[in-house]
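Read top to bottom, the protein sequences are chains A and B. So that you can map any letter, position 207 of the first sequence is 207 in UniProt numbering, and since no number is skipped, the others follow by simple counting. So that you can map any letter, position 88 of the second sequence is 88 in UniProt numbering, and since no number is skipped, the others follow by simple counting.
Keep in mind the hints are simulated off the structure, nothing from the lab. None of these values were measured; they are calculated from a predicted model. Hints should not be assumed to be uniformly reliable.
Claimed, not checked - Quick list of simulated restraints, FRET-style, between CB atoms:
#1 LEU213(A) with ILE146(B): 28 to 36 angstroms
#2 GLU167(A) with GLU209(B): 34 to 42 angstroms
#3 ILE150(A) with ALA127(B): 20 to 28 angstroms
#4 ALA149(A) with GLY43(B): 29 to 37 angstroms
#5 PRO69(A) with ARG17(B): 17 to 25 angstroms
#6 ASP40(B) with ASP114(A): 25 to 33 angstroms
#7 ASP173(A) with TYR203(B): 36 to 44 angstroms
#8 PRO71(B) with ASN59(A): 37 to 45 angstroms
#9 MET15(A) with ARG78(B): 33 to 41 angstroms
#10 PRO69(B) with LYS123(A): 54 to 62 angstroms
#11 ARG78(B) with GLU144(A): 34 to 42 angstroms
#12 GLN197(A) with ALA127(B): 30 to 38 angstroms
#13 LYS208(A) with ILE146(B): 32 to 40 angstroms
To be verified - Chain B residues, not near chain A, derived (Cβ > 12 angstroms throughout):
#14 ILE24
#15 GLN42
#16 ASN44
#17 ALA58
#18 ARG74
#19 GLY84
#20 ALA127
#21 LYS208
Stated by the list, open to error - Keeping only pairs whose Cα atoms sit at most 27 angstroms apart, straight-line, the calculated DSS-like set for lysine-lysine is:
#22 LYS143(A) with LYS180(A)
#23 LYS205(B) with LYS123(A)
#24 LYS2(B) with LYS97(A)
#25 LYS2(A) with LYS97(B)
#26 LYS143(B) with LYS8(A)
#27 LYS143(B) with LYS180(A)
#28 LYS8(B) with LYS123(A)
#29 LYS4(B) with LYS132(A)
#30 LYS205(B) with LYS180(A)
#31 LYS194(B) with LYS205(B)
#32 LYS145(A) with LYS132(B)
#33 LYS8(A) with LYS123(B)
#34 LYS143(B) with LYS132(B)
#35 LYS97(B) with LYS194(B)
#36 LYS132(B) with LYS143(A)
#37 LYS143(B) with LYS2(A)
#38 LYS194(A) with LYS123(B)
#39 LYS97(A) with LYS208(B)
#40 LYS97(A) with LYS194(A)
Don't be surprised by glycine CBs; every beta carbon is placed ideally from N, CA and C.
2 protein chains.
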Amino acid sequence: MKNKTNFKTSDLQKMDRQNAVHLINSLGGFKSVALVGTSDVQGNTNLSIFSSFFHIGANPPLIGMIFRPSPPERDTMRNIMNTGFYTINHINEQIYKQAHQTSARYNREISEFDATGLSAEYKNNFAAPFVKESNIQLGIQFKEKIEIAINDTSMFIGEIVEIFIREDCLSEDGFVNLEKANTLTCSGLDSYHKTIQLDRLSYAKPDKEITSLLKS
Amino acid sequence: MKNKTNFKTSDLQKMDRQNAVHLINSLGGFKSVALVGTSDVQGNTNLSIFSSFFHIGANPPLIGMIFRPSPPERDTMRNIMNTGFYTINHINEQIYKQAHQTSARYNREISEFDATGLSAEYKNNFAAPFVKESNIQLGIQFKEKIEIAINDTSMFIGEIVEIFIREDCLSEDGFVNLEKANTLTCSGLDSYHKTIQLDRLSYAKPDKEITSLLKS
Chain A
1 MKNKTNFKTS
11 DLQKMDRQNA
21 VHLINSLGGF
31 KSVALVGTSD
41 VQGNTNLSIF
51 SSFFHIGANP
61 PLIGMIFRPS
71 PPERDTMRNI
81 MNTGFYTINH
91 INEQIYKQAH
101 QTSARYNREI
111 SEFDATGLSA
121 EYKNNFAAPF
131 VKESNIQLGI
141 QFKEKIEIAI
151 NDTSMFIGEI
161 VEIFIREDCL
171 SEDGFVNLEK
181 ANTLTCSGLD
191 SYHKTIQLDR
201 LSYAKPDKEI
211 TSLLKS
Chain B
1 MKNKTNFKTS
11 DLQKMDRQNA
21 VHLINSLGGF
31 KSVALVGTSD
41 VQGNTNLSIF
51 SSFFHIGANP
61 PLIGMIFRPS
71 PPERDTMRNI
81 MNTGFYTINH
91 INEQIYKQAH
101 QTSARYNREI
111 SEFDATGLSA
121 EYKNNFAAPF
131 VKESNIQLGI
141 QFKEKIEIAI
151 NDTSMFIGEI
161 VEIFIREDCL
171 SEDGFVNLEK
181 ANTLTCSGLD
191 SYHKTIQLDR
201 LSYAKPDKEI
211 TSLLKS
């Protein structure tokens with residue numbers, strides 16, 4: 001087994017600031033990354049990449065995300081607060097460079113849809129724009145903002161109210177084949193990855209061997 | 001472009017309950033999955049798999065996770081509240097079946113380390129056990145519990161105080177090569193995936209082309 005390097009929190013203070021940010025951003029493992037689509041009350045669209053989504057519960061279907069007080073995220077936050085709705089759109093291999101480009105600090109009056117060439121899609125009378133090129137699109141209704149005082153960030157909780165899934169990606173048991181949808185994951189601040197499924201494992205019980213759910 | 005299936009929240013009520021849970025658990029994309037190691041005040045160890053980690057901030061280095069009020073997670077939560085410390089250990093291809101097995105509802109007096117054959121490792125006088133077989137291990141100090149009233153779950157915020165990384169996985173700029181560490185990601189409730197890096201992309205700026213950070 002190879003040796004491990006050890007850092008303590010105090011070592012991070014001595015590191016180059018940006019390197020420390022990169023290190024800490026890497027440590028949580030692979031992240032859920034997606035594009036958040038919003039519009040302001042005039043209908044001007046905004047699109048921004050986020051990598052801090054997490055499952056909160058299935059009934060009601062709730063998804064959380066973290067907002068930092070930085071400029072690109074601020075437009076998205078304001079639009080959500082003003083309209084009550086947003087979309088979450090999975091990123092695939094065809095659009096990940098455009099998705100990454102939405103993290104640039106564009107002026108507020110510029111739509112990242114226009115700047116990156118991604119297509120805004122309105123459907124089912126949902127108030128916020130979806131990303132047409134995305135294979136899995138979620139329409140979210142804002143439910144609650146929880147302030148995280150310890151470092152001046154915010155958690156937003158939203159309810160999934162509209163789901164669009166490319167039909168060949170949905171399994172009989174409700175499992176969504178994200179790999180078939182070509183959904184990507186990211187690590188650190190700038191690394192994008194596709195995936196290879198190892199297995200689906202049976203529900204774990206004490207004193208029972210785990211088995212594969214995939215047909216061999 | 002293939003057709004998309006559309007669900008609304010009201011459709012979920014008509015679905016088989018477990019299928020709906022599986023669907024919603026899939027929609028957030030690939031997840032950060034890892035093993036959380038704790039001990040009670042007598043030193044009895046506990047190990048449990050979680051897939052709800054998210055980055056909250058780099059300075060101080062904070063990581064969040066969601067707890068559901070279900071039995072396997074309850075032991076971990078109680079140990080964290082009583083001792084103030086826990087470990088987060090990345091999962092690799094060699095141990096993912098054992099990691100999945102920790103989700104079984106073992107009696108409280110049984111250690112999942114013993115039940116699954118994973119090795120508890122104590123080092124640097126840290127109060128909670130690490131998983132020896134893991135290539136990236138984090139020692140976490142509990143900071144704050146935030147109740148999520150909307151569905152009776154809890155968010156725990158912890159500060160990363162100890163970091164152990166297999167030394168060949170750390171890049172000069174602070175980026176951690178999770179793929180080299182063989183860190184896995186998961187989707188839905190039971191699917192495990194390894195990854196293939198597509199690229200690392202340059203910091204995005206308006207009117208500037210994104211470039212690859214990888215040497216070609």
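Q | Hints the structure fails to honour | A | Checked against the structure, the hints that fail are numbers 5, 6, 8, 10, 11, 14, 17, 21, 22, 23, 27, 30, 31, 32, 36, 37 and 38, while the rest are satisfied.
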